Every structure is written in C-alpha cells, then in structure tokens.
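Protein chains in written order, with our numbering: chain A, 1 to 401; chain B, 1 to 401.
Because the hints were derived from the structure by calculation, they are not lab data.
Just so you know, not all the hints are guaranteed correct.
Residues from chain B that face chain A, not an exhaustive set, calculated with beta carbons under 8 Å [stated by the list, open to error]:
| # | residue |
| --- | --- |
| 1 | K43 |
| 2 | S85 |
| 3 | K265 |
| 4 | S333 |
| 5 | H345 |
| 6 | L346 |
As the structure is a computational prediction, the values presented were derived from the model and not from experiment.
Glycine included, every Cβ here is placed at the ideal spot set by N, Cα and C.
Number of protein chains: 2
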Amino acid sequence: MSKPIDWKILNVDGEARAGVIRTRRSVIETPVFMPVGTQGAIKGVRSEWLEAEMDARIILGNTYHLFLRPGIEVIKHFGGLHRFSSWDRAMLTDSGGFQVFSLTDLRKLTEEGVEFRSHLDGSRQFLSPEVSMEVQAALGSEIVMAFDECPPGNADKETTRASLELTARWAMRSKDRFNELQEKGADLGKREGDPSGGLAEPTLSGRQALFGIVQGAGHLDLRKESLERTAEIGFDGYAIGGLSVGEEKSVMYGVLEYLAPKMPKERPRYLMGVGTPEDLIEAISHGVDMFDCVMPTRNGRTGGAFTSRGKLNIRNAKFIKDDQPLDPDCICSVCQRYSRGYIRHLYQAGEMNAATMISHHNLAFYLDTMRRVRQSIKSGSFARFRSEFLEKLRENEDAIV
Amino acid sequence: MSKPIDWKILNVDGEARAGVIRTRRSVIETPVFMPVGTQGAIKGVRSEWLEAEMDARIILGNTYHLFLRPGIEVIKHFGGLHRFSSWDRAMLTDSGGFQVFSLTDLRKLTEEGVEFRSHLDGSRQFLSPEVSMEVQAALGSEIVMAFDECPPGNADKETTRASLELTARWAMRSKDRFNELQEKGADLGKREGDPSGGLAEPTLSGRQALFGIVQGAGHLDLRKESLERTAEIGFDGYAIGGLSVGEEKSVMYGVLEYLAPKMPKERPRYLMGVGTPEDLIEAISHGVDMFDCVMPTRNGRTGGAFTSRGKLNIRNAKFIKDDQPLDPDCICSVCQRYSRGYIRHLYQAGEMNAATMISHHNLAFYLDTMRRVRQSIKSGSFARFRSEFLEKLRENEDAIV
Numbered sequence: 001m002s003k004p005i006d007w008k009i010l011n012v013d014g015e016a017r018a019g020v021i022r023t024r025r026s027v028i029e030t031p032v033f034m035p036v037g038t039q040g041a042i043k044g045v046r047s048e049w050l051e052a053e054m055d056a057r058i059i060l061g062n063t064y065h066l067f068l069r070p071g072i073e074v075i076k077h078f079g080g081l082h083r084f085s086s087w088d089r090a091m092l093t094d095s096g097g098f099q100v101f102s103l104t105d106l107r108k109l110t111e112e113g114v115e116f117r118s119h120l121d122g123s124r125q126f127l128s129p130e131v132s133m134e135v136q137a138a139l140g141s142e143i144v145m146a147f148d149e150c151p152p153g154n155a156d157k158e159t160t161r162a163s164l165e166l167t168a169r170w171a172m173r174s175k176d177r178f179n180e181l182q183e184k185g186a187d188l189g190k191r192e193g194d195p196s197g198g199l200a201e202p203t204l205s206g207r208q209a210l211f212g213i214v215q216g217a218g219h220l221d222l223r224k225e226s227l228e229r230t231a232e233i234g235f236d237g238y239a240i241g242g243l244s245v246g247e248e249k250s251v252m253y254g255v256l257e258y259l260a261p262k263m264p265k266e267r268p269r270y271l272m273g274v275g276t277p278e279d280l281i282e283a284i285s286h287g288v289d290m291f292d293c294v295m296p297t298r299n300g301r302t303g304g305a306f307t308s309r310g311k312l313n314i315r316n317a318k319f320i321k322d323d324q325p326l327d328p329d330c331i332c333s334v335c336q337r338y339s340r341g342y343i344r345h346l347y348q349a350g351e352m353n354a355a356t357m358i359s360h361h362n363l364a365f366y367l368d369t370m371r372r373v374r375q376s377i378k379s380g381s382f383a384r385f386r387s388e389f390l391e392k393l394r395e396n397e398d399a400i401v
Numbered sequence: 001m002s003k004p005i006d007w008k009i010l011n012v013d014g015e016a017r018a019g020v021i022r023t024r025r026s027v028i029e030t031p032v033f034m035p036v037g038t039q040g041a042i043k044g045v046r047s048e049w050l051e052a053e054m055d056a057r058i059i060l061g062n063t064y065h066l067f068l069r070p071g072i073e074v075i076k077h078f079g080g081l082h083r084f085s086s087w088d089r090a091m092l093t094d095s096g097g098f099q100v101f102s103l104t105d106l107r108k109l110t111e112e113g114v115e116f117r118s119h120l121d122g123s124r125q126f127l128s129p130e131v132s133m134e135v136q137a138a139l140g141s142e143i144v145m146a147f148d149e150c151p152p153g154n155a156d157k158e159t160t161r162a163s164l165e166l167t168a169r170w171a172m173r174s175k176d177r178f179n180e181l182q183e184k185g186a187d188l189g190k191r192e193g194d195p196s197g198g199l200a201e202p203t204l205s206g207r208q209a210l211f212g213i214v215q216g217a218g219h220l221d222l223r224k225e226s227l228e229r230t231a232e233i234g235f236d237g238y239a240i241g242g243l244s245v246g247e248e249k250s251v252m253y254g255v256l257e258y259l260a261p262k263m264p265k266e267r268p269r270y271l272m273g274v275g276t277p278e279d280l281i282e283a284i285s286h287g288v289d290m291f292d293c294v295m296p297t298r299n300g301r302t303g304g305a306f307t308s309r310g311k312l313n314i315r316n317a318k319f320i321k322d323d324q325p326l327d328p329d330c331i332c333s334v335c336q337r338y339s340r341g342y343i344r345h346l347y348q349a350g351e352m353n354a355a356t357m358i359s360h361h362n363l364a365f366y367l368d369t370m371r372r373v374r375q376s377i378k379s380g381s382f383a384r385f386r387s388e389f390l391e392k393l394r395e396n397e398d399a400i401v
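In isolation and in its complexed conformation, chain A is listed as follows (with noise of 0.2 Å):
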C-alpha cells in the first residue's frame, strides 16, 4: 500500500537523527522546527518570508482556534486551509485537545468528548476524537494529530494513569474516524493532478497521514505504558505531548531522555509545543525529530531576540545607541540590515515593523539553528556542535529576557 508520507533515517549520531520526511507537498529534511500559524497566518511574518527566505518546508495549523475561526464551514468554501491561506508546502494540524484544557475554564469532559465554551464569544462548543478528525480533514494539513487530553505537567499519578487511558481508547477512535474520512476523500488537502505535488515520491499516496501523542506527564512507567499502547495501535508518527506545561524542566528533560530513544525509530519523532534552542537541542539528543512553539513570535512581539549568544530584551536602554544586528551571526535579512539601536526605537515608538522583524529574526534564528544541526549530524559531529552552540549562548546571560 502507498504510503501518506515517507520517512527516511540519513544519519545517526549517538541518539540524534538527521532524516527527511517526504510529503505531498514538502521535503522536509529533519530536525525541523515548524513555525506556529495558529490562526492561519504566523504572527507578523508574511508567507513569502518564509518560502523565500527561510525556506520553511511545513509550518502549523490550531484545530481549536480554526475550528471556533473563522469556522469549519468557511475553510470548506475556501477548499481548504492551504488554499484559504494560500500556503502550498506541507502543514501539521493539532487536535484542539490541548487548547482546549488550557484555554477555556469551561469544559466538561465525557467519555465522548469535551464540550467547552469558545473564549471567543461564549457560544457552546464540542470537540471529540471523530470531530477533530473531520475538521483535520477539512483542513487538509499533510499531519493530522490524534485527538488527546492533556493533563497539567504536575498531575498525579492517577489522574495521569485515569488520562492516559482516555487518551489510548480516543487514539484508536482517532484512527477509525481518520482512516473512514481518508477512504471517502473528505481531506481537502489533496493536490489535483499531481498528488504528490511534484516534491514527494511518487509512490506516496497523497493522502494525510496521522500521528498519535505519547501522554503520561512526568510519570516514566506511565509514559512507558502510554508509548506502548499508542504504537500497538499504530501511526505514521509518533509525538511527545504534555510537556513545557508548567512541570520543572529537569522533569521535562528526564522524560525526553527516558522516552524518546524508546519511540519507534522507523517513525518520525515530534515533541509538541516545546521550547527554547537549548530544549530543541537537548531533545535532538535524544532523538527527537520535529518540533513546534510559539516562541519566536511571540518573544519577537515582545521585544525578545533570540540570539547565537543569548536572549537579548530589545527595550532595554544598552541598545539605544548600538548599530550591531539583533545577532551578529545571523544572516537573516533583519541581522543584514537593521541594528538594534533602529529596532530599539521602532519597538520603543509603537511600531508593529519592531515586532515583525524580532518575530522574523527569531524564525530564521531557529530554522537556521536547525539546518546547522542538521548538518553536524550528518558529519558525526553532533556532540560538539551542541557544546559549543550552548557555550556561545551563555555568552549574553546578562542580556537574559
């Protein structure tokens, strides 16, 4: 049978994988870090940037805010989420499941599903495995995710196990609902005439493929259970939820480190929402694979500046007179051209061009920390890359956002 997406181990270096996912719409050489474009769009960065500059092969779409915005029934006319935004590389959906046990207070959780109040407008709401799975499909992203629940990052152990159970029986109601949805082609995402869209191999299917999502918070027997009933269903990927979502980060590090080398290695690894470099680099170590935050938009809206050396506070008065780049290793079009002194005012003065181009730098910083990742697994040097790359971070600690 043809495969939704094709994935291909190029190196290993100790844990650390360098690889390519190959879609129907985008090669996507792995580790890769996917910028968020919750509501459609990422946040201040223009699209062409993206392509053009950053090459950015798959960016993120939120199920919940799409679903509650501008609506199912509109991305349908629009033939889709990659047509309505007009973004033809790859694309990965959430399930909504997070947003929705973290953004609205209002919730009731069933065995069928959770009914919640939009924090929009108030108006009833209901998401549940089969739901999401038909607002993926109409979305049309290349990666569907398994609709879960997400418990806080310190719950106990029993609402953990009483969690994770919920989230395994939604997991294969995810598959059933996705598989019946692929067969009566309800996913939009579809390329007409050319399925894989000219960049995949043309043995691939064209159709979207599915992931499910490792749960168990900061419990390791739990996430060891949890791991090994999600691949007993099967996916086409496999993800790391409910971390970054309040637990202490030697607790993060400690279930990446358990976990992710236990992860079927012939899948891609996605560790969801997560984080800062230093996160995506010692996740790399373990073999994680892909990634996603909203960070670099949202710190560049706030005058945050990811930087080879460290985080930098644009607004702080050091900056008034300085004419270097926001990072002077960067050669991203913000770092060839405007220095921190200009940017400074800009953010200083109101001007939203301050925050688009600390979210545009912030974008390629990481795509770029990626690509060089890449590159040092593929020449087995992966180890010395991370030390140096985290030695040089803390040259600015006194920067610190």
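Got chain A sorted already, so can you dock chain B onto it with the hints?
Okay, now just chain B, sitting in the frame of chain A:
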C-alpha cells in the same frame, strides 16, 4: 553653481505635468506619492517591499516625531536618518510646524518660535526655524521643508494674515539658517565618495534642497500673497500647506485650482498631507507634482482598502467567503496571492498580518496610480484617464469605508 536637485518637466497635458526630480539619492518621476515614515519607518511595511516591489523612490520622515524620539543625539550617533533606518533612497522631512500646531495643546507661540510640551512625556520643548533646520540637517533628508505656522482650515482673515506674515519671516530665517548649515557641512545625509549617489546628475552638489510653504487657509487673496512672498525669498520647490486641515473639500479644491497654476513652473510643487486618490488626481489636474499622506497606512490598519473600484472595509461580513483579491486589477504581491476572505479572517482574528497586508496593498495602489497618471500625461491622455479612473472608483459606492 551646482544645484541640490535637478527638476525637469518632460510633458505637460493641460495643467498637469510629468517630470523628473534628480536628487543625490534617487531619480524621482513625478507626479509622485511619498509614503509616510513618521517615526523612521513606514507603518507595517518593510523597506524591502517598498524598494523591490513598489519601487518607491522617496519617503517622508517627520521632524517633530524624530526630534522627540529617538531624539537628535541618537540620530546623529547613527549618522543621519538614512543610515539609522537603512533607507538609502531619497527622503523628504517636514519642518515639525504642522505637528506642533496639531498634536500639542500646550504651546506658546512667539516671534522666536514655539515652546510646547511633548505629547510623549510632557517635557518642555522648543522649535523654531533655526532649530528645525538644525534637526533636518542632522536627519540629512534630500528635501528640507521651511518652518511654518499652519492656521486651521477655517481660520478668519485676520488670523490667517497674521499667520502668513509670521510664516514669511520664518521662511526667511529658515533659508538663512539652512544655508549656514549647508556651508558648515552639518547635513548628515551626504554620501561619502560619490556625492550624487550614482543616481543623480554629476552637476548636483550633493547638498540638501529647501522647499518653501505657501499658507493662507481658504482665502485666495492671502494664498496669492503668501505665494508671492515665498517665491520672492526663493526656494528649490514650493509646497501648499494648510489644506485638508478641517476645511470643506470644495474650499480645498478651490484653493488648488486657483493657486497651483500660479506656482513657479520651473520648480516642483508639493501638496502637503493630502489625500484620497480622488484628491491627488484633482491636484494633479491643476499642476501639483508631489504628495504625501498617511491614509494608505492609517486606513490599512483599520481594515480600509483603497481599490480601483472604490474603498472597501474588510470588516464587512460580505467578504467572509470572498475569494477575490482586495483589488482584482492590482498586481501587488498581496493581491496576487491573498483573498479578501482570508484577509478579513486575519483582521477579525486580530492578526497584524491583516494590517500589514492592507497597508502594503494601499501603498502599492497609490504608487501604481501615480505610474498610470504619469503615463497618461506623457501620452497626452490625462483627461480621459481621469474621467475613467474616477468613474471606476465610484463603481463600489456601497463599499465606502
């Protein structure tokens, strides 16, 4: 003596003129619309787009705003506004007079100048013809504006006359101080090595140009007198100030019709701070060559798009499923790619990409309209262009913002 700018009329069609202004930094075809970069940046639109896509040859900077923030010491540190903002094409700076009289309530006007409180922090500040010239020399713009007093659009004759007299004395003082500053090399906009910037005629001196401003509110006799007294002092170009400041549109059009053709033919004519596409076409029909206005970006930020078929407000629910571009006749990168439905969604979702995209389109529309105007003047068909352009603008009257 070599000239700061070189101005040639290429074609005349009725009163309308097509010409070219050569400065040390750009060759500027007229009639020209100058995007407004109040605080050293065009709001929401990166310079890269203005250069590569819209081919804007000259933009505006506001002395009042930059004087208060980041302040002249910072601008001087960076070596002028071009270097600070990394805009290497031509710039025009206003004198600060208009903003002092429109933005601040607390001000004390004397013969010497105007004392006022900053709208940012309430600090006591002072602007005069001399200070304005010093600030504009530090900014280093290609075109400097004389420091004037701008009376309200509905000012009575006595007030207007007093203001006109003061403006005439200030014009003289502006010119004297301007010349001193040029001689002592205070202009920070000079290009090292090649004073013409490779874009100007070798006969250009590389120094700044100074424009005088005609006031007189809606009183035609005072407008004429102001023009004569300003022309007598002698400037590199002449501007019409004090329009679109609260008077009826018929008054503005009356002043334009009366005044513009009387302005020195051998100098560029600049209508300050005006206006809609209709206003620009009207002024061009009376022989105006240069324009600036915040409308394209200000309206863009609140969802107002200027199109060849009239204005539209993207917030309107009728655009929810509209898969047309903002303007189907526009070739800008926004209209080539994004639909009204998508941009409306971004606007409603509070995504700043909506503001940046509509602002981008609006500027592209203004600049493209000027290109078409120039072409029509060159081919002797401005009258037909004008009537067709205005008729088409009225097609979507129901969509008026």
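Hint by hint, here is what the structure shows:
no., hint, verdict
1, K43, "holds, 6 Å"
2, S85, "holds, 6 Å"
3, K265, "violated, 39 Å"
4, S333, "holds, 7 Å"
5, H345, "holds, 5 Å"
6, L346, "holds, 6 Å"
Hint violations for this structure: number 3 only, all remaining hints satisfied.
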